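Student: Chains as they are written, first to last, in the working numbering: chain A, 1 to 446; chain B, 1 to 446; chain C, 1 to 446; chain D, 1 to 446.
Keep in mind that a hint or two might mislead.
Copies of the same chain look alike in the list, so a pair counts if it fits in one copy or across any two.
[Unchecked claim] Here are the computed lysine-lysine pairs in the DSS-like style, where the Cα-Cα straight-line distance is at most 25 Å:
hint : residue 1 : residue 2
1    : 199       : 417
2    : 301       : 417
3    : 426       : 71
4    : 426       : 17
5    : 199       : 78
6    : 441       : 426
7    : 17        : 199
No lab work stands behind these hints, which were simulated from the structure alone. It should be emphasised that the depicted structure is a prediction, and the values quoted were computed from it without experimental measurement.
There are 4 protein chains.
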Amino acid sequence: MNHDRIDTAIPVLGDAKIPSPIQRERQGEIPSCFISDSESVLIDVDLNRLKSQLEQNQTPSAFERAGPRQKIYFDPSKLKCAIVTCGGLCPGLNDIIRAIVLELYHGYGVHNIFGIRHGLQGFIPAYGHDIMELNPEAVVSIHEMGGTVLGSSRGPQPVEDIVDCIERMNIRLLFMIGGDGTLMAATRIGNTIDERNLKIGVIGIPKTIDNDIYLVSRSFGFDTAVDQATQAIISAHNEAKGYPNGISLIKLMGRYSGFIAATATLAQQDVNFTLIPEVDFDLEGPGGFLEALSERMDRRKHAVIVVAEGAGQKFFKAPAREKEVDISGNIKLDDIGLFLKDVITAYFAANHLEVSIKLIDPSYMIRSLPANANDQVFCSFLGRDAVHAGMAGKTKMIIGHWNGSFVHVPMTASAGKRNRVDPYGKLWLSVLEATGQGALKNPTYE
Amino acid sequence: MNHDRIDTAIPVLGDAKIPSPIQRERQGEIPSCFISDSESVLIDVDLNRLKSQLEQNQTPSAFERAGPRQKIYFDPSKLKCAIVTCGGLCPGLNDIIRAIVLELYHGYGVHNIFGIRHGLQGFIPAYGHDIMELNPEAVVSIHEMGGTVLGSSRGPQPVEDIVDCIERMNIRLLFMIGGDGTLMAATRIGNTIDERNLKIGVIGIPKTIDNDIYLVSRSFGFDTAVDQATQAIISAHNEAKGYPNGISLIKLMGRYSGFIAATATLAQQDVNFTLIPEVDFDLEGPGGFLEALSERMDRRKHAVIVVAEGAGQKFFKAPAREKEVDISGNIKLDDIGLFLKDVITAYFAANHLEVSIKLIDPSYMIRSLPANANDQVFCSFLGRDAVHAGMAGKTKMIIGHWNGSFVHVPMTASAGKRNRVDPYGKLWLSVLEATGQGALKNPTYE
Amino acid sequence: MNHDRIDTAIPVLGDAKIPSPIQRERQGEIPSCFISDSESVLIDVDLNRLKSQLEQNQTPSAFERAGPRQKIYFDPSKLKCAIVTCGGLCPGLNDIIRAIVLELYHGYGVHNIFGIRHGLQGFIPAYGHDIMELNPEAVVSIHEMGGTVLGSSRGPQPVEDIVDCIERMNIRLLFMIGGDGTLMAATRIGNTIDERNLKIGVIGIPKTIDNDIYLVSRSFGFDTAVDQATQAIISAHNEAKGYPNGISLIKLMGRYSGFIAATATLAQQDVNFTLIPEVDFDLEGPGGFLEALSERMDRRKHAVIVVAEGAGQKFFKAPAREKEVDISGNIKLDDIGLFLKDVITAYFAANHLEVSIKLIDPSYMIRSLPANANDQVFCSFLGRDAVHAGMAGKTKMIIGHWNGSFVHVPMTASAGKRNRVDPYGKLWLSVLEATGQGALKNPTYE
Amino acid sequence: MNHDRIDTAIPVLGDAKIPSPIQRERQGEIPSCFISDSESVLIDVDLNRLKSQLEQNQTPSAFERAGPRQKIYFDPSKLKCAIVTCGGLCPGLNDIIRAIVLELYHGYGVHNIFGIRHGLQGFIPAYGHDIMELNPEAVVSIHEMGGTVLGSSRGPQPVEDIVDCIERMNIRLLFMIGGDGTLMAATRIGNTIDERNLKIGVIGIPKTIDNDIYLVSRSFGFDTAVDQATQAIISAHNEAKGYPNGISLIKLMGRYSGFIAATATLAQQDVNFTLIPEVDFDLEGPGGFLEALSERMDRRKHAVIVVAEGAGQKFFKAPAREKEVDISGNIKLDDIGLFLKDVITAYFAANHLEVSIKLIDPSYMIRSLPANANDQVFCSFLGRDAVHAGMAGKTKMIIGHWNGSFVHVPMTASAGKRNRVDPYGKLWLSVLEATGQGALKNPTYE
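Modelling step: build the complete structure from the supplied sequences, incorporating the hints.
Tutor: Okay, structure coming up:
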């Protein structure tokens, strides 16, 4: 990974001059609890590459380390903050809302905290969503529930109207929790704020059930999603073993990346084939998926297949569509789960093997349940660090996690790109070993 | 419920003359642990109806109480037994297999126990399934897994061939775990055995994830299925609340009966509409489901709907099909979940309300996971009582649960009929109160 | 069980003359949803005993069936109700509170519902506990939490003061959720109400984590407690198998009865010895527990022991105390878990076998977590039926569960007696078979 | 943290010359899947410190990155391997055993794999433990169970005898899974092997439920332990809220470090005081724990306290013992849970506040259950990387996790030191914020 050119400088609203009110008196004013802006986390930890960069007088890229700053930018007693959650649900949203509110309130003494309802819609008067007042009492138990107490919504809203609303409400610090689209909207909101010469901080917390936000090595809720996905695999495995020639197909979330599919495969190692968007595979002919599946059935009489929803999309392009119709006559082109079910059924029918095939789709169940302990801890850190960054006057940045540390990532560096499963990396190679599935490529096609 | 005419007499293979070897010595030969055939469990426990029956010289129907008998029919040292699991998976299958094996082995000293693989197919040589030897070592940990270690299969097999196999293997006692179809096959097997003048016992253990076996008030695995279904409801509720005008639709198993849907509704009371096969409902017009849903959306802005897979099948019959096309143009007629999703989408589109509708289908996940503690205890009793009955020479009966007791039910009394949710009974009325859903009937249709 | 003499007549406050407002209009006034007082549930379901009773002109005992009545006693618009939870926590308390509130509010239109805080203390002004107003909004999510939102407390309070408070608050219908002590207090409260010629209903819902309330075949929370207890057994089993000569000892709740210990043993069949208060056992000599444990260790090298906290109390009486000191020198006489750990340690030390012994005590963890699905459904019925009974003018009764039905049990018939595990009954005999533990009695002692 | 002087060089048995048989053919010989020894993971990721090191011509410390090597040292067809698990149970032991066996067998073609029973005892003939043959069939389902299928034991065994056994069995590659004591034994075993001029690899996988192994940022099983600990906190919170002046005290594992206590506090934020070995606290006087608890009780009427078993050990030293007797008269000095319970009870008794105090000790239940999904994935990597390292001829090293990567850590660098919770670090400061507990120090003592 070539990170040499990543600009990791974090925009600031101005000088942070107010001493942080974080109460450490009872521990005796401990300056060492504060993090300096010069503390950094190298992006690339390889010693040799680092040396060669320094020999060439290049400065290696490094993220600012997240955490409380000794000086803050906003006067807590006058500050109004807002929190908004956007896009798809993700385990841990309520934990983050809770952590932000508690840190603002108890850590900094900020008592005006607004919850924007239903994502970006909440900024637009036409929708008529009310504002939710947030304080410790309001959030004390919300982490026990999945979803988001603020509500969410999908899709963009006019940036000018959003900034109008922010101005009207006198919000000076906005926390936006959302996916790639939200972070791009956040960047535009930040830019519009700049254009209007306002001093309003915008801090993002990246949300993606698929774990595919660029420069963020782990996203909240992912661990819970994998946890839930393992239940579907256990169930699928029992169904496959339970019947003569049983085949179970589990469709998991993962539109552009197969992290959930790959990680769940390692967490519940009953899977024989894992199909993800990042790794091409063929269906037919020698080396193709169907032949490999057929061999597996001969050998073991049952099979478990995990497919990420974004895998195999090439079969739905026009030429594939024609081919696909040849095989199964299936017209449900947009769902790889249904498509594979039909293709497999047709294949074994043509080969006179009676199989018992089942499609299991846990769908929203892996993203709407409460966060597990691990994600709760993680979200607690994310929320607090977002507050620390925002109070310090930083803006247009997101809280990331890199090389085991929480860091500040400029929105511009991350937005619009995606993490993807590296087909030659540790995760995917482990999946190949756990499944024993091979390349699933027909060499005659190449 | 009129049970007056139920014939509860249990067929026997002959006189049970051998003292039961159940080891009670260490407790000092306690005869009172044995159950006499005359111990009974009244089917109808209403005192008034009972008095009036007795006044009319009718004998009230009562089931034989299950449990160990003082005298047994088979010589354990010579006996060969077999166990077979048929039909759909159900939590607890392995617990029952384990309980039968342990009771036969340790309780009675029967050491020849065969597991028939893959349901009735396992009796038919053409399928080539091997036989599994069962003993305590082989079953010690199987209760930790879902599914069935014996495998299962669907569909009938020739009864004569099955009995041929039983004869060939010298099996004298057969335990069949399966649903209504299996119990009818068991009856036919028992009849064929009688015709051949063989002394072979056939004991059934009724299996139905839907809890709809007649004269069996509770079937194993049902509690686990409801447990799992609640997770889908929690998830659906969070999705519905999470979005402006969020509607979540959960499809649950229940082909002919709505016990899972109704019970899960009471277990996780976030549901606003529960639709089951036993209770008719209309979609359109005043009082219909869509209007009621629309009112709910006006009032609360979100809704959770549980639908049993067998509900609303009238919409798929020819006249309904035409009507249904009028509404949504949907051609997926055989899936009430997809159908309702389309109908609801079309309805609100026509009414210019943008809704966020999601369909969640946990499908096999509610039946393939291991049994919970409650079902494990229940299965342990079922398996042991099946052995007690079989060893006592009883046949063509199933182990049932009635008025809180385990009982012997003649196959002829139960097979071919179903339990259904009583639309005027306690369960459904509680669902009506928990959901507040009303009748969902358009009076102009009647 | 001889139930001939049980007086099952339920006291009433007066004639119920007001038509029930339970809304069935949308279903079209269905009288059949109402239960008549003459509907009954026989206590003893044995046909032969029943016939002989009737031949002797004895009326068999039968409980009134619970459920909504067509006529009610109280005018909902004027009625003030109160709910109180007393004694130890139990999974499902919040579910019952919720069900009572929702049924009163939505089913009957009662809008004045008070929550009494911290058990009977809440009636006594000196404690200064506030009153909690209960309505649907206040209880909507409480079933997701363990414990009780009302709080609880232990110990008696002066009955006259309690009734003074009830009078002062104009409460006409009181729901008391508690154990045997609470039900006896409820009886005294009811008697004092009678003495004062007041028309105030007192309905009890029996609570006991130990499942030992007389004439109540199942108490709420018990299933959840067993669920939790199985986790301790799994853990204990792994510890025992993990070490050379590993012995794990799990102490479970059960002061006077061993239902949790016995049922958990059947739910997680890794237990080799189960010790309960109802079944005497000896420690030393031939046939005693230590010898049996020693044999088990010789044979299998590990052992898992479940002990109910009330088991083996004879070892703490004076003569036992002397003997016990001989063996282990242990002075922790009041804790059977610690006592057995010491006794076993000393025994094997004396016999030169190095064992790895571990004591696991899940203690409150089995009673303080939220109810599982099964208990949630059960509690939902209990709460609704309590409301139906109370609104119908019944008093000094509890909601019980008998022969699979919900019933009305007079407080006088149940209070002050306990269910106990029958040493010759199905549950205990199944435990003996599951553990293979034998009688654990030294015959020379008898 | 000053890591400048860490020697990160990994000992090797000799040149690795055999091409790795890891099967990538079906993917087309992909050299990029192999990791070179020169790939490294910097220990300190701070850019400024790094620059200053390089300016001073110091080479920054960096670990070798773990993963498959292109050349291996052992001939798989002739190699005999062994696996041993030592010390306390930990979730994930079976996952690691499974991963090692599967990688050796399928990845490298090693078919002679022995399981040493019951830890180091298994090497000593006098104990008579048998050897377990390990292959894919034997390990296929073991990850579903907690504990270790190999068994474990505590305490040292003579190193010479261990190496004698290894020689006798012709084992050339030994995988040792255990805690700090085991890793020190492993070092001694490695040294003895060197002294005997043998070519036998010894690879360690660090195990510690307490997460306190030095230079290992995360240890397996810890996440599962925290998961389980949250259940105890939920239960404790419900008990505390349930009673007037309820105080719940949860004792958690953590002999020398408070990672479990601190992390569980963040995972289930119902805790008001967290006490760990690393952070001193006083009981009495202004600022002390008892006063702070008293203030909390005044304000909120209930409190939840988490205490790591190693916290507050100063109270058990001689002077503390005298003081402690003054307060409570308690003689159970070795258990901080019981001690605090008595101290708190005595304190409030003296202050005439009737409290309801409960001690909850989940003890082994947090370490003996199966690993959760996250730990299963983690263990899968650990096991595979251990095999890769061992096959490459590396020895006297452990598999660690650092800055988000799996790395090779020399045993000498890690053994005998511990990770501890940094009282000024992010974790503890977050605990202070989550609990609001303050310093709990009496300044007059200092």
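Student: All the hints need checking, so say for each whether the structure fits it.
Tutor: Now the hints, each set against the structure:
1. In the homo-oligomer, the alpha carbons of residue 199 and residue 417 never lie at most 25 Å apart, since the shortest distance is 28 Å inside one protomer and 49 Å across protomers.
2. In this assembly of identical chains, residue 301 and residue 417 lie within 25 Å of each other by CA distance neither inside one copy nor across copies; the values are 42 Å within and 35 Å between.
3. Taking CA atoms no more than 25 Å apart as the test, residue 426 paired with residue 71 passes between copies only; the shortest distance there is 18 Å, against 41 Å inside one copy.
4. Taking the closest pair of Cα atoms, residue 426 and residue 17 come within 25 Å of each other only across two copies (23 Å); inside a single copy the shortest separation is 45 Å, beyond that limit.
5. Taking the shortest alpha-carbon separations for residue 199 and residue 78, only the intra-copy value of 14 Å comes in at or below 25 Å, while the best inter-copy value is 58 Å.
6. In this assembly of identical chains, residue 441 and residue 426 lie within 25 Å of each other by CA distance solely inside one copy; the values are 20 Å within and 48 Å between copies.
7. In this assembly of identical chains, the alpha carbons of residue 17 and residue 199 lie at most 25 Å apart only when taken from the same copy (15 Å versus 63 Å across copies).
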